[in-house]
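K.L.:
The lines below spell out each chain.
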Amino acid sequence: MGPRDNGFKVVLLGEGRVGKTSILLRYVKGEFSDRQVSTLQASYLDRRLAVQDQSIQLSIWDTAGQERFHALGPIYYRDADGALLVYDITDYSSFNKVTKWVRELRQIVGAEICITIAGNKIDLEKHRAVPEDEALDYARSVNATHVYTSAKQNKGLDHAFLDLADRMCKRRQAQRPPSNPSRKHLLLVDEPAAPPKPKQNNCC
Amino acid sequence: MNNSRSQASAPPAPPAPPSYEDFVKGGESGGWALSACAADPAMRRAFLEAGASEGWVSGSKLRKYCEKEGLMETKGGPGVPKRALAVAWDLADVRQDSRGLSFDEFCVFMHLLCIASAGGSLPSSLPPELVPPTAEEEDDELIARALQDAYDDEEEGPPSAPRSSEVTIRDGDGGYRFDVDALTDLVLAQGSGLLELDRTLFACDEAMENERWSPGSGFGSEYLLATDVEKWSSEDGSVCSRDRSFVAPTRDPEAWRLVAEWRVHISAATDRYGWAYCRGLPSPLAPGAPFASSASPFAGAVARRRRWTRLYSRPLVSAKPVTKSTPIKHPALLARLQDSFKSGVNELNRRLSGDQIRTSAAAAAAAAGKKPRDALVSSAREKWAGAKASKAAIQAFLRASALVESSDEERASRVKDFVRSEAASLRKDRALQRDPQLFEDVLEELRAELFRGTTGILISECEAADLELAEKLRKLQPVTPQMLDAVDVEHIEPHWPRAVDSIRSIGDVHTPKRKVRKVRAALDDIIACLARKAKDGEDKPPGADDLLPLVILATLRARTPSLLANLKFVELYGDNNIGEDGFLLTQIAAAASFLQNVDATQLRGVNVDAFEALMRGDVQNFNTALRNTQEQDLLLFPTENHASSSSSSSSADGHRDLLLLLQNDDDDEEEKEEVKEEEVDLEAAAKDSSRSSRLVSQASEDLNSPKFTSL
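Residue numbers (our numbering), protein chains in the order written: chain P, 1 to 204; chain A, 205 to 915.
Chain P on its own, in the form it takes in the complex (with noise of 0.2 Å):
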């Protein structure tokens, strides 16, 4: 089996200061900062994750979100099976510039590409400048699924990088050719417990 059979590329694309680089530190080390975290973590993270009954290797790709970078995306997007936009519940302007990487993702990478939209800074409620209904009907209206995310406060981050991880490998399987069919019934399996525990240890 070679790496591509079960690795997935997902690029995190979003206007800077949106929150990016939080949100993939908070999912590497489950905690909003984390004085121990890697070098290079804070803009690449390997992740394996246990989807549909199999292991899978999830390469999460950060981007500049700078717009004088704009031009660089394709570089990044190129080869991605997955992409995570993130914008900021609490400014306008990011998600005008999440519909913009939408379109240029569809236009370049084409349909096959999962994409999920992210709400971040939930925690920021009451400065939200997004109406949620717009945000909802949108990502519909380009096959895209939404989430709100805080990184604050680890809310929505597995959710959204499972659910991504399951629709790209759904995606994998449709277009291979139909030699293994015994993969019709899709089992959602989290990843092994254990986070939950020193918590609890913690408690006692």
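No wet-lab data here; the hints were simulated from the structure.
A quick note: this is a predicted structure, and the numbers were derived from the prediction, not measured.
Hints are not guaranteed to be accurate.
As the list claims (entries may be wrong) - FRET-style restraints, in silico, Cβ to Cβ:
no.	chain 1	residue 1	chain 2	residue 2	range
1	P	R106	A	A735	33 to 41 Å
2	P	P74	A	L671	51 to 59 Å
3	A	A493	P	A111	56 to 64 Å
4	A	E648	P	R78	23 to 31 Å
5	A	D813	P	S141	43 to 51 Å
6	A	R678	P	A50	50 to 58 Å
7	P	D137	A	D621	44 to 52 Å
As the list claims (entries may be wrong) - Not close to chain P: a few residues of chain A, all C-beta gaps over 12 Å, as computed:
no.	residue
8	R461
9	C482
10	R831
Glycine included, every Cβ here is placed at the ideal spot set by N, Cα and C.
Knowing the structure of chain P, use the given hints to seat chain A on it.
P.N.:
For chain A alone, kept in the frame of chain P given last:
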């Protein structure tokens, strides 16, 4: 001549000293009387003991030697009177130059000394039969040339085979006739001797013939020193033998057809017999680059070598036909081969030819029953060193495939197929089966061998873009971190210079893995720079937003030679383009792409005028335009602090970034720097301007320096 004292100290001496002629009576008629004496190794040893260096012994050294050996008369002791020594010296120093005595002159001196010590009287002038033959010319070059002429007059005709034979190469519409010499040249220029021409593989064996100069006798292989190579050797001296067939064993007649027997390779760098003259020969104990050589004898040329070549051919049969090989048409062939391949391939070839000979020698050793393989080899390097078959396969593959015209991608798929098949044959090795890590390491050694120096050959489609990028990077040097919104880390030692250096040296390593390792090292150092810059309490590792500007800056400063070709190479030949390696590579690729396309709108504080000046290489106008913009900005935003003052971008995005930057700066610096804010700003401004002016002056030096005019 007053020899009274000498007579006194030589008791049995007859009253009338025998004349010089008495001593040499019956000497050989004609020729140098002392050639037998000069051929005696003892004499050569004495010459060295006397302190000869580079073929000459000085008067003072010789005097000391005579004293030590008891040849010179001391007070009351036996020996030759000093006066006689002086006369002997005068007579022996035929050339009368300041260097002292050469070996043949030394022979004359010793001869005269013998006569004097036996009580003979010395002649007033040197008898003709004692004049060394080589001393008849005044100038060394003339001497050497005379030697050469003498050699030329010898019977030994130039290489035995007639030199006008031709080879016919078949093609769809007829055949091309090749002069064997031209073909040999081509094969030699191609690689240690393999060249594919229209489905025929030509192979060239090489062996160097070595000779050393012996005074009085000329050049000969019998004068080689114990530390020299033997008569026949590989170019670097690592393989040598008295027998040429050991250096280059005969090829399997079933596979190879002999096109042309051994012949001397004659070129502009050799004389008309193929000899090249040099100051020394390689030693088998320390094989290495041969001495520089000259096509004609020169003073100090104590050795000479010539290259023999033998040409074989075989039809190219491969398991699967090579994809889309365009038939090579003759007229342009020579020119194209020589132009497009010679330069890039020469280095590779030189190395490969050494390997080739070593390999064939190893094959010969194996045939002779000495098994080079050892079951206990442990390290990958040793293991690889033993994998002669793979090495030979690589060389054959490289040389056979280098010529086939195809796109970089097609070439890559063939190279990868080759690596796979070699990996499969390596896997047959038991030790490698047991140890997967060792197997990987050996495979990496294989790649290193395969890819060493071949990036330029395997990737041929980036050349124009690379030249263009190099030119642009040169012009962009005055760009400052501020213009890229990059954190200014260029003063952080040792991380920043090391990061730049890692990126610069991507091309110095040869496998995809090792190139990526360079990139990783660079990014680690850049991240370390950022960590150093980060304020206390905020050591969150940098995300792509912070990283990319610095990667761009480092790539700009590094000016990696053939950057794009290197990137494409890793892309095509690396095997993990979506994993971390791929990510690392993409950082540099993104930086390169940004730099290729960068214009005024993407550089903060640089307006169109300034950018155009920069692209013209007009640093002065660039600075002027830059200053104007900054002054305007300062007027527009009088309260901004310097670090982010120079936004000329009118885009809403740029402005928002700027405001955010300002907010952040305010947050961070509010508490500490409230009081001294103004001072600090002034200082920072002064620093910045001095730094940028330094960079600018550096850059203008660059622009003026001659090495760039050649671009």
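K.L.:
Taking the earlier hints as the rules, which of them does this structure contradict?
P.N.:
2
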